[in-house]
Amino acid sequence: MHKSPTYDQTPEATAPLSQTWQSPPGFVSWFTHVNQRQIGYRFVVTSLIFFALAGVLALIMRLQLIAPENTLLGADFYNQLFTMHGTTMMFFFAVPAMEGLGIYLVPLMIGTRDMSFPRLNAFGYYVYLIAGVSLFVALFLGMAPAAGWFSYVPLANIAFSPGKGMDFWTSMITFIEISALAAAVELIVTILKQRAPGMTLNRMPLFVWSILVMSFMILFAMPTVMAGSVLLALDRAFDMQFFVASGGGDPLLWQHLFWFFGHPEVYIIMVPALGIISTVIATFTRKPVFGYTALVLALVATGFVSFGLWVHHMFTTGLPHLGLSFFTAAGAMIAIPSGVQVFCWIASLWGTRIRFATPMLFVLGFFAIFIIGGLTGVMVASIPFDTQVHDSYFVVAHLHYVLIGGAVFPFFAGLYYWYPKMTGRLMSERLGKWSFALIFIGTNLTFFPMHQLGLEGMPRRIYTYLEGMGWGDLNFAITLAAFVLAAGFLLTLINAVISRTRGAEAGDNPWQADTLEWAATSPPQNYNFRHLPVVNSRHPLWDEADLTRRQYVKGLRADRRELLVTTLLEAQPQSVLIMPGPSIWPFLLALVVGFGFLGFMFQPLLFVVGFALSFFAITGWLWPRKPWISTKEN
Amino acid sequence: MSMSEVTEPQFSVDATQLSRFHGGTDAPIWWGIVGLILIEMSVVAAFVISYFYLVMVNPTWPPEGQPASELLWPTVSMVLLLVSCVTMYLAGKSVNRDRVTAFVIYTWASVALATVVLVIRWLQFQTFDFSWNDHVYGSLVWTISGFHFLHVVSAATGTSVVALLGMKKFFNSKQRIGVVVDTLYWNFVALAWIPFYLILYWAPRMTQTAGG
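Each protein sequence line maps, in turn, to chains A and B.
As numbered in my numbering, residues 1 to 634 make up the first sequence, in order.
As numbered in my numbering, residues 1 to 212 make up the second sequence, in order.
Hints are computed from structural coordinates only; laboratory data are not their basis.
The reader is advised that the hints may include incorrect statements.
[To be verified] A few chain B residues that face chain A, going by a derived Cβ cut-off under 8 Å, partial list only:
1. L18
2. S19
3. L38
4. V43
5. S50
6. V57
7. T127
Just so we're clear, the structure is a prediction, and the values are computed from it rather than from any experiment.
The beta-carbon is built from N, C-alpha and C at its ideal position, and this holds for glycine as well.
The task is simple: from the sequences and hints, build the whole structure.
And the structure:
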């Protein structure tokens, strides 16, 4: 279906609407943008930059480990590198990347023009940017945190990590969770209240379901790590005793607080990835995914069960046996929803003519990599085995298989899949396939031998090893393989940059997909949809492909930002929401809050200054929005 | 292409007559504030659970020679905060009936009650005979007290702005979503004192009489 503009989609007819929803051009105005597509795009691009930076840190570490007793890096700098690698990948790549996709795509998929709180959205982005840049500045100044991405106490206590590094970690982790939580609330409210009329919960695309589940998980998991990192900051700044054994505190409390967040975190990253997989499978097999209801229930069940798993990171801490058994059982239980999903996908793929485009290849790659990670997961879920391999390279292999398989492969599938929607151009299939091949081979060559190294006894987080241990050959091979993996990622980066200007024109719906985002132009107009769509099926673009059967909403004003609010379950039209326009205040608020958090490290009083300044920024934020002035309501 | 593309699009929903005002669950901000409260409740839960965890790992609670705190003034705070929920409720009722003066009075009354609580709490901080770095019990009491104190400050500040806007005739029965969400947050801040009051003032008595 090649859609030429109908008469009411000519530039003259859409000019006022376009003007209303425009993000003003220019450098200074860049800081005032609030439209969901701008913010989502920035989240995705920024997260990819952090992904590349963290990848470079990993390569430097691999160079250090290439030979026994190598002297490229010192122990302390190596500790900073692996801490920053883990922290960046988890907090500054994986979560923001998935949230960015959600922010960009969810409003398009549910047929609305923006998220519920556009300025909060922009604020979340700047918080993320400031937190990430601060941590990397700390690294360049040689004062990055060095206690691992989980910052275990007592190592992270002031007594054993006296420098500013840990303070950067506690401050910036608390700070960036503000961003994650803001995005989560926004996504939940947007999904629940702004779906196109007729898009009942039962017709919602699976990707939107997965973003909804992810957001709820963020809502309940992230506050715990915030509370934990605040307590750690108080310990460090004011000599409080939460994690200090001599004062009655308990280091294990930190592990509980951290892993109560940290385990759901893995699923916070995985759940949207599962949504991407279902979406891509449906499109590239050209039929609806098998078992929609089962897949939705499996997503929700995964969300719930993932909160009962945290102790399996703590099997070697000497907890009571009954507790351990409970968490082993919960660990086995998560296999049920995971199994349901895998069987649904197999049934979806069965007997279809699969189109092997790059997004689909990454999905198939996910199956291979993730299943290996899952197998070693079953192994480490067994307490005796875990006790044996704990803190060894076996765990490094396992977690990279799970995270690269469970998050990076699906994310890249999504990147190739939605790139044409975001930019209007397709990425090169040839480069894409090369990139996929290198990443797939590189991942296996890099991480599979680590299982063996772990079984041979090589511990994690060591900056060098003795020649006599006999680990030299495998480490040499792993380092070479890591560069193959990096080359694969680099190819996609080059592909993305080149295709931006030279890629083939995508058209509205290059993959003949079924969801609403493909009904908008590529890239979408300022207003997303000329008329908000009305939906009567789960696959609007397949079931209502005929333009005469498509239905729309009328009566929204074009001279100010208006969008439709619908009921939570049935998506019946309920009211009209008037949206705020571009504003500099979210940026300023992020600056003063960031000042408070960064200042706290050097002088606790500066936090109070930031707190006071943020009062003015919030006032400024809310000030121009005085709806009672424009009272010419219908 | 086909004829269909030049026909008028079919409009099956007309938004012209839908309200541009919101009174509650039809407003995204209502759900946004509920989300904020859920986040904060998770933080409260993290503090309460950490408290009991630390009670569990310590053989004596509160620490040796540390008497449990007096009950009187914290209980007075509890009562005042509960009363302030009632005044906020009455403020909402008033604005629903367009009784703006009553609305303003009830709102300022709530702010006044919160201010009294803040003064009481501040005076109590002076009487704490332990520092936050003496032992983990001190760390907990100071941190949780400070956490709740800051929340009462922010709820009272936000509600003062609502009261000022009320004096400027900003709110009425149609335009009242600001009052509704402010009340939601207010209720959370006031009711959060219940678990904190119980763990800070009752739990140490229980553990002490139970012999630790």
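Evaluation of the provided hints:
1. Given hint, L18 of chain B at the interface with chain A, holds; its Cβ is 5 Å from that chain's nearest Cβ, closer than 8 Å.
2. Hint status for S19 of chain B relative to chain A: holds, with the closest Cβ pair at about 5 Å, below 8 Å.
3. Because the closest C-beta pair between L38 of chain B and chain A is about 6 Å apart, less than 8 Å, the hint holds.
4. About 5 Å separates the beta-carbon of V43 of chain B from the nearest beta-carbon of chain A, less than 8 Å, and the hint is met.
5. For the restraint placing S50 of chain B at the interface with chain A, the shortest Cβ-Cβ distance is roughly 6 Å, inside the 8 Å limit, so the hint holds.
6. Interface hint status for V57 of chain B: upheld, as the beta-carbon distance to the closest one in chain A is roughly 5 Å, under 8 Å.
7. Checking T127 of chain B against chain A by beta carbon gives a least distance of about 20 Å; that is not within 8 Å, so the hint is violated.
This entry does not satisfy hint 7, going by the numbered hints stated previously; all others are met.
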